[in-house]
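Chemist: First residue of the sequence shown? That's 1 in the UniProt record's numbering, and the numbers climb one at a time after it.
The hints are simulated quantities; they were obtained by calculation from the structure and are not laboratory data.
Every residue, glycine too, gets a C-beta built ideally from N, C-alpha and C.
Among the hints, erroneous ones may be present.
[Said to hold, decoys possible] Pairwise CB distance ranges, derived in the manner of DEER restraints:
#	residue 1	residue 2	range
1	H79	R128	47 to 53 Å
2	G235	P313	22 to 28 Å
3	R284	L308	51 to 57 Å
4	T154	P240	30 to 36 Å
5	M314	T176	32 to 38 Å
6	P148	V55	57 to 63 Å
7	P313	P240	17 to 23 Å
8	H79	R109	47 to 53 Å
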Amino acid sequence: MFTCVSLLTGFLCGAFRDRRTLLLENLLLRQQLAVALRTRRQPRVVWHDRLFWVVMQRLCADWRRHLVLVQPETVLRWHRQGWRLFWWWRSRRPMGRPRLPQEVRDLIRRLSEQNRLWGTERIRGELRKLGIAASNGSIRRYRWRPAPRPPSQTWGTFLRTHAHAIWAADLFTVQTLTFRTLYVLFFISHGRRELVHVAVTAHPTAAWVWRQLIEATPWGRQPKYLIRDRDRVYGGDFVPRAQAAGIDTLLTPFRSPKANAVAEPMVRTLRNDCLDHVLVLNERHLRSVLAEYVAYYNADRPHRSLALEPPRPMGRSPATRGAVRSRAILGGLHHSYQRAA
Numbered sequence: 001m002f003t004c005v006s007l008l009t010g011f012l013c014g015a016f017r018d019r020r021t022l023l024l025e026n027l028l029l030r031q032q033l034a035v036a037l038r039t040r041r042q043p044r045v046v047w048h049d050r051l052f053w054v055v056m057q058r059l060c061a062d063w064r065r066h067l068v069l070v071q072p073e074t075v076l077r078w079h080r081q082g083w084r085l086f087w088w089w090r091s092r093r094p095m096g097r098p099r100l101p102q103e104v105r106d107l108i109r110r111l112s113e114q115n116r117l118w119g120t121e122r123i124r125g126e127l128r129k130l131g132i133a134a135s136n137g138s139i140r141r142y143r144w145r146p147a148p149r150p151p152s153q154t155w156g157t158f159l160r161t162h163a164h165a166i167w168a169a170d171l172f173t174v175q176t177l178t179f180r181t182l183y184v185l186f187f188i189s190h191g192r193r194e195l196v197h198v199a200v201t202a203h204p205t206a207a208w209v210w211r212q213l214i215e216a217t218p219w220g221r222q223p224k225y226l227i228r229d230r231d232r233v234y235g236g237d238f239v240p241r242a243q244a245a246g247i248d249t250l251l252t253p254f255r256s257p258k259a260n261a262v263a264e265p266m267v268r269t270l271r272n273d274c275l276d277h278v279l280v281l282n283e284r285h286l287r288s289v290l291a292e293y294v295a296y297y298n299a300d301r302p303h304r305s306l307a308l309e310p311p312r313p314m315g316r317s318p319a320t321r322g323a324v325r326s327r328a329i330l331g332g333l334h335h336s337y338q339r340a341a
């Protein structure tokens, strides 16, 4: 009933409209019908459809009432996009000064090569005497440049060369099953990312930390530099005592874990690979778990910074034949694989 009334009302209103309005309305509806007929699933509006509606919204004042496929705001957005494209087309001429002729560029190179003590302003003055105008930027772009110096090592190479003499230390906590807090101290080598020493205690003191450093450096095996944070557990006399032993202590800035970029990720590795998957019973249990994991980490676990080799290299080529045997680590949390002899 409502549809019939709407059609009747539209017919009566159309009888009093002029011919131009009726033609525009017919054109608007026919265009949308053509869009709907040429698509199968959903009407797809292409660029000439957008252009049509941008033009018609200028010609027909009542265009919004006949728009069905899209919202009127969409047509207005098309108009703004077309306006930007129009001005982009109008302003497409290249910007900046024209390039210098080839003979002027060759002359700049000749002057700079024959007079290597001349700067940019000096060359610009000589060109000005010859009636040639050139900016400093153009002269710098085309002037002769000496051959590059022999390549030298980068900072990355320098640090890798001295990495074997650098250790890092850090201390972190582990919660036991009975909510007791244990402290883990470890020393790691920058050269091969080897866990040199790991110790556990429930009551860390400066004397205990110093004793762990002594145990980690037997028979003169000690680093040149030791990177650590400013934790008070190291004690006030740690730096001079380490200096007397031939170890320079490098303290990281306050609250700057990224400055200890080898030890801090090692804490995350210990947690993700081991401690987050084990319920620690007591101090003895934690020592046993860490000892087994450290042995696996140093001898078998591939490391990305070492070209997927373990911190302690095997020293021999891997076998290519034989059955693959596995060895469970931490009750099967990890496995180590080798070929049978």
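Chemist: Would you say the C-beta atoms of H79 and R109 sit inside 47 to 53 Å of each other?
Modeler: holds (52 Å)
Chemist: Holds or violated: 22 to 28 Å for the Cβ distance of G235 and P313?
Modeler: violated (36 Å)
Chemist: So does M314 sit 32 to 38 Å from T176, Cβ to Cβ?
Modeler: With a Cβ separation near 36 Å, M314 and T176 satisfy 32 to 38 Å, so the hint holds.
Chemist: Given the hint of 57 to 63 Å, check if P148 and V55 actually sit that far apart at their C-beta atoms.
Modeler: With a Cβ separation near 60 Å, P148 and V55 satisfy 57 to 63 Å, so the hint holds.
Chemist: That 17 to 23 Å hint for P313 and P240 (C-beta), does it hold up?
Modeler: violated (36 Å)
Chemist: For the hint 47 to 53 Å, verify it against the beta carbon of H79 and that of R128.
Modeler: Holds - the Cβ-Cβ distance for H79 and R128, about 52 Å, lies within 47 to 53 Å.
Chemist: Is it true that the C-beta distance of T154 to P240 lies inside 30 to 36 Å, as the hint says?
Modeler: Hint holds: Cβ distance 34 Å, inside 30 to 36 Å.
Chemist: Is the distance from the Cβ of R284 to the Cβ of L308 consistent with 51 to 57 Å?
Modeler: violated (34 Å)
Going down the numbered hints, you'll see the structure goes against 2, 3, 7, while the others check out.
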